[in-house]
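Starting from the known structure of chain A, arrange chains B and C on it as the hints suggest.
In case you want the letters, here they are:
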Amino acid sequence: MQLKKINENLEKEFAGRVSASLEDNIIHVTGELDSWDDVIKACTMASERYSKTHVVNDIRFTGAEIPETRVPSLNDKALDGKQVDVLVIGGGITGVTVLRELSKWNLKLLLVDKEADLAYHGSGRNDGQVHCGYDLSKGNLKHEYVLKGNAMYDKVCSELGIPFKRVGQYGGTLSDSRLAIKLFCFVKKHFHGIKDMEYLSAKRLYEIDPNLNPGLKFGTLNSSVGVVSPYELTIAYGENAIMNGAEISLNTYVKDMEVFDGVINKVMTNRGDIYPKVVINAAGVFAEDVAKMAEDRFFSIHPRRGTNSITDKKTGKYVKGVTSVKYHDPNAPKNTKGGGIIHTIHDNLLLGPDAVETYEKENFETRQESINVVFNKQEKACDKIKQSDIITYFTGVRAPTFEEDFILERGRAVKNIVHLAGIQSPGLTAAPAFAIDMAELTVNILKETMEVTENTSFNPVRKPIPCLKDMPLAERDRMIKENPDYGIIVCRCEEISKGEIIDALKSPLTVPTVDGVKKRVRPGMGRCQGGFCMPQVIKIISETMGIPEAEVLKGNTEAFISFGKTKGGEIDA
Amino acid sequence: MVKEMTCIVCPNGCLLRVEQDGEEITVTGNTCKRGETFGKTELTNPMRTICSTVRTVFSDIEVVPVRVSAEIPKGMIFPVMEEINKVRLSERLGIGEKVIENVLGLNADVILTSNILKEEV
Amino acid sequence: MLKYDVTVIGGGPSGLSAALSADRANAKTLLIEREASLGGILKQCIHDGFGLLRFGEKLSGPEYVYRDIKAVYETDIDVSLLTFVTKTEKTDDGFILHLVNRDGVTSVFTKTIVLCTGCRERTAKQVKIHGTRPAGVFTAGQAQNLVNLHGLMVTKKCVILGSGDIGLIMARRLTLEGAEVMGVYEIKSEPSGLSRNIAQCLNDFDIPLHLSTTVKRVYGHDRLEAVEVAKVDEKMNIIPGTEEIIPCDALILSVGLIPENEIAEDLGVTLDRFTKGPHTDNSFMTDVEGIFAAGNCLHVNDLVDYVSENGALAGKAAAEYVKKERKYAKITIDRTLGYIVPQEIDLTTDLSKVEMYFRSFSTVKNAVLEIKIDGNPFMEKKYMVVRPPEMEKLVLDLSSAGLTENSVISFGIVKKEGDING
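Protein sequence lines, in the order shown, are assigned to chains A, B and C. The first sequence begins at 1049 in the numbering used here and counts up by one. The second sequence begins at 134 in the numbering used here and counts up by one. The third sequence begins at 6 in the numbering used here and counts up by one.
Here chain A stands alone, though its shape is the one from the complex (with noise of 0.2 Å):
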């Protein structure tokens, strides 16, 4: 788009309160709105869907204040000095998967993340979908990623010991119209390589999930489509990773950058000063925050909330897979996802997530509004589930830029970053893939001034903490001989051990918290959300790390569950 007419378009809808400019292949929108909608509004007026020539947002948001990024108390000189060769910034998939990517080299690698866990943001908090990318188009990195990524997902998942099942994806619709239905099932297959789409007869789809409402009169079923644990697969590439010689430094944040003559020399942390040979930009939400450190902003992130309910494992039996229901809805915003309802790979159903603008990055608040919109969404795919049915919610919030494309390159301003910025779904499914080219970048970057050679003892196989409960009968027998602790239930919802949880604790990644544990082993995520459990966890890490039951966090530095002790008992009796 010319932007002249970009120009036109903003003078109509704002009166000469926004206009934008291009300079260096960057749209700069500028200017003051008072509502966070209206800001949305106008750098999506002046961008293009998938271009490389990116908006940056530089109008004043003058509605709310926009919070600072959250950081831990942590203040220490632990990495101070350090030279690495690569520092990853972002303990996200997008972050892990490069840095385990990058350790198949003989290469001094440090990852960064300002939270207590990986996966504590967008990795965290989404629906672990594993997509087939029916729903994009051929041109995009998108498009291109999700196709190879979703291929990986079978060897990948069984290298890092994780579960992963093709669940399939189906879904019916209320419109009349098969001709436009086959149309689109030909079009997907045959011109933008979606080699699994299929067209079903309702007979199909009502064989396929009997527990579908009855009225759908055609669907469709992508049977590559599957269900990770995001947070499983992030943290197991991360300690992957660290078998083959990388760091993770957690509790650690980025405060700023020392660029000369565009390139980043120094990285300053709460935890020292670092020397990078090369920044890679996995920064999620904070992508550009980060690349203004690094001199080299040419995009914007605009923060897009959704929320996922989990409901009871007894809902479990009504969808067998991924489903939603497709119905023309002339309202429905452009990028609204009204989500769909998802067999996990835990067998709990997933129901979500809505999608709401937001200026605030790391507001994980929930609102009873959303659930409301993703249940009137998806009870008219199946109505056998019920609010009721639900054991959790969470938020999470995605990182788009405003094309709505992956951003993965080199730095344009400074020679010695890497952005892997704008992931947002699918992004868990297509990170394998482009963590192989982000890495294969970065290596050339790098020998552009070093020699880099191949890691030949790399080892691409975790061996996974046991799940007793799935175990033959024999089988855990064994096991439970061999170590007493995998016979002793501390939670009763997942049937956890305190084997497997010491063996959390015990992981090449060690995050002694009781969130840490529960995404390791699940103790908590069940139908009693730890009411049980959690007492008992935090006795194990106490007496597993050598702490005071009264030091156990719950997650970050700040996150403490008690007040110490009750009493002082100076007096002996």
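For the record, the hints were derived by calculation from the structure and aren't laboratory data. Since the model is a prediction, treat every value here as computed from it, not as a measurement. A virtual CB, placed ideally from N, CA and C, is assigned to each residue, including glycine. Treat the hints with care, since some could be wrong.
As the list claims (entries may be wrong) - Derived contacts from chain C toward chain A, CB cut-off under 7 Å, selection only:
{"id": "1", "residue": "85"}
{"id": "2", "residue": "86"}
{"id": "3", "residue": "87"}
{"id": "4", "residue": "107"}
{"id": "5", "residue": "113"}
{"id": "6", "residue": "125"}
{"id": "7", "residue": "130"}
{"id": "8", "residue": "132"}
{"id": "9", "residue": "147"}
{"id": "10", "residue": "161"}
{"id": "11", "residue": "162"}
{"id": "12", "residue": "180"}
{"id": "13", "residue": "182"}
{"id": "14", "residue": "227"}
{"id": "15", "residue": "230"}
{"id": "16", "residue": "231"}
Said to hold, decoys possible - Think about it this way: if two alpha-carbon atoms lie no more than 16 Å apart in a straight line, the pair counts; the simulated EDC-like pairs of lysine to aspartate or glutamate are:
{"id": "17", "chain 1": "B", "residue 1": "173", "chain 2": "B", "residue 2": "157"}
{"id": "18", "chain 1": "A", "residue 1": "1362", "chain 2": "C", "residue 2": "271"}
{"id": "19", "chain 1": "A", "residue 1": "1613", "chain 2": "B", "residue 2": "193"}
{"id": "20", "chain 1": "C", "residue 1": "92", "chain 2": "A", "residue 2": "1543"}
{"id": "21", "chain 1": "C", "residue 1": "133", "chain 2": "A", "residue 2": "1417"}
{"id": "22", "chain 1": "A", "residue 1": "1613", "chain 2": "C", "residue 2": "182"}
{"id": "23", "chain 1": "A", "residue 1": "1587", "chain 2": "B", "residue 2": "215"}
{"id": "24", "chain 1": "C", "residue 1": "133", "chain 2": "A", "residue 2": "1413"}
{"id": "25", "chain 1": "C", "residue 1": "133", "chain 2": "A", "residue 2": "1437"}
{"id": "26", "chain 1": "A", "residue 1": "1361", "chain 2": "C", "residue 2": "270"}
{"id": "27", "chain 1": "A", "residue 1": "1587", "chain 2": "B", "residue 2": "195"}
{"id": "28", "chain 1": "B", "residue 1": "219", "chain 2": "A", "residue 2": "1618"}
{"id": "29", "chain 1": "A", "residue 1": "1361", "chain 2": "C", "residue 2": "79"}
{"id": "30", "chain 1": "C", "residue 1": "221", "chain 2": "A", "residue 2": "1413"}
{"id": "31", "chain 1": "A", "residue 1": "1213", "chain 2": "A", "residue 2": "1413"}
{"id": "32", "chain 1": "B", "residue 1": "207", "chain 2": "C", "residue 2": "271"}
{"id": "33", "chain 1": "B", "residue 1": "219", "chain 2": "A", "residue 2": "1620"}
{"id": "34", "chain 1": "C", "residue 1": "75", "chain 2": "B", "residue 2": "252"}
{"id": "35", "chain 1": "A", "residue 1": "1613", "chain 2": "B", "residue 2": "252"}
{"id": "36", "chain 1": "C", "residue 1": "130", "chain 2": "A", "residue 2": "1437"}
{"id": "37", "chain 1": "C", "residue 1": "221", "chain 2": "A", "residue 2": "1417"}
{"id": "38", "chain 1": "B", "residue 1": "207", "chain 2": "C", "residue 2": "211"}
{"id": "39", "chain 1": "C", "residue 1": "420", "chain 2": "C", "residue 2": "385"}
{"id": "40", "chain 1": "A", "residue 1": "1325", "chain 2": "A", "residue 2": "1306"}
Chains B and C alone, transformed into the frame defined by chain A:
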């Protein structure tokens, strides 16, 4: 003087009406004799039992439950709590054994209410 | 494979009583407990008031339950601690239970099962509390466990949602340990706990009780920093404009108990939609022959004395169980009752002392419980007051009631006529 109160002697929780006329106290609304006694003392000298824990020197069980062996004046609840909070138990005692004898001279002991320190797990 | 006549699942008060009474009836009995010691939730209920009905004493939870634990260890009952039932299978003449414990995976055969699995607490998300997910949101039971068994101070300044007995007890416990309880909030227009607990746990310590008020959201990224409370109307919908932010460091939830019946469901036991516990007959046998239920997994009780009593009845019935043709009379309630247990009467049993438990749906003063058989008045019982938080126990003699197969015994509560003051 007339006072309405909930009897706390048993789970029935009868609503008592306690009337004082000089030395004479009459209780109505009670459904048992204990209720009458409760109403009278509640008006003149309310008594309560308290339950809490004391700290131990043992790392496997850091606190054990205790209670007072007899009712104490309501106003003495927090002073007695202070005494309880000072204790650090260094013996593996069991149910009914005294942790503090005649606490604050109130003719009540602080006694253990659990055998947890004696259990072999 | 070890063989038992009766296997009791759960070593809390109902399980202990069930095992003891099965043993007294000469059944070879196994008692399975998940935790490291017997006693169930009473281990952490260190407040007093237990045992008034059963022992005529005011005992603390550990003291009350210790009497049964001691008795169990004096019998031949096999006790299996730290043992978890992972799977159950029905066979022609009984059940096979797969057990996991420190020794490995084992299986036992049992002719009958008594489910004494207790209940769990409803969580924040189940009562639609929104906002962030900070540390500092505890169920009352969790807080009780951390304070009483771990000696951890979980709060300095908290709000309690729910006026159930555990919430009230925790208000006093936390106050005694030095915390400030800002208030107890209750969405209903009446308190859920016993009146005496309102008196001795809240009034004694000047803790305010806010009725028709609920907690809507929590604030705080890492540790809870505040809660938002709001008034609700008669339909329990939030009244806009009544929201108030209360700074505090913890939210303690006492918002209801849910009977734990996952094992029952696996075995195909039908659950009652009112109690959320198994549908049983007057021997507390479920609709799966040979499976009995007692205590809080059958229905949520207010008093442990009743739990013990009920466990003993179920244990005895399980010990005496024989497979036979049975004939049933049905029990129905109208909307004046919250629930009734049992839900049917086995006419082949002794009907001279049928124990029943019920709750009213709402508070009625000068109430009359009307019992009809096939529409004809059978008996009436008067109550000064019936309240939903207070379970009522009935012992009926139905031996001469002329019950036949498919008779319907209906229960309803009416207000005593001529009384206009109630």
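- Task: Report holds or violated for the interface hint on residue 125/C, using the least CB-CB distance to chain A and a cut-off of 7 Å.
- Result: holds, 5 Å
Check the hint pairing residue 1362/A with residue 271/C against an upper bound of 16 Å on the C-alpha distance.
holds, 11 Å
Problem set entry | Interface hint status, residue 147/C versus chain A (Cβ within 7 Å) | holds, 6 Å
For the restraint on residue 162/C, tell me whether the closest CB of chain A is nearer than 7 Å.
violated, 10 Å
Is the shortest C-beta separation between residue 86/C and chain A less than 7 Å? Nearest chain A Cβ about 10 Å off; hint violated.
Hint consistency between residue 1361/A and residue 270/C [alpha-carbon to alpha-carbon, up to 16 Å]: With Cα atoms ~13 Å apart, residue 1361/A and residue 270/C stay inside 16 Å; holds.
Restraint satisfaction for residue 231/C [CB to CB of chain A, less than 7 Å]
This hint is violated: residue 231/C lies away from chain A, its Cβ roughly 13 Å from the closest one there, beyond 7 Å.
Does the alpha-carbon distance linking residue 1213/A and residue 1413/A stay inside the 16 Å limit?
violated, 30 Å
Please verify whether residue 133/C and residue 1413/A have alpha carbons no more than 16 Å apart. Given that 16 Å is the threshold and the Cα spacing comes to 13 Å, the pair holds.
Hinted pair residue 1613/A and residue 252/B, Cα distance within 16 Å: It is violated: about 23 Å lies between the C-alpha atoms, which goes past 16 Å.
For this session: Under 7 Å, Cβ to Cβ, is where residue 132/C needs to be relative to chain A, so tell me if that hint holds or is violated.
Result: Check failed: Cβ of residue 132/C comes no nearer than 11 Å to chain A, outside 7 Å.
Starting from residue 207/B, check that the Cα of residue 271/C is at most 16 Å away, please.
Not satisfied, since the Cα-Cα distance of roughly 50 Å exceeds 16 Å.
In summary, the numbered hints that this structure violates are 1, 2, 5, 8, 11, 12, 15, 16, 23, 29, 31, 32, 35.
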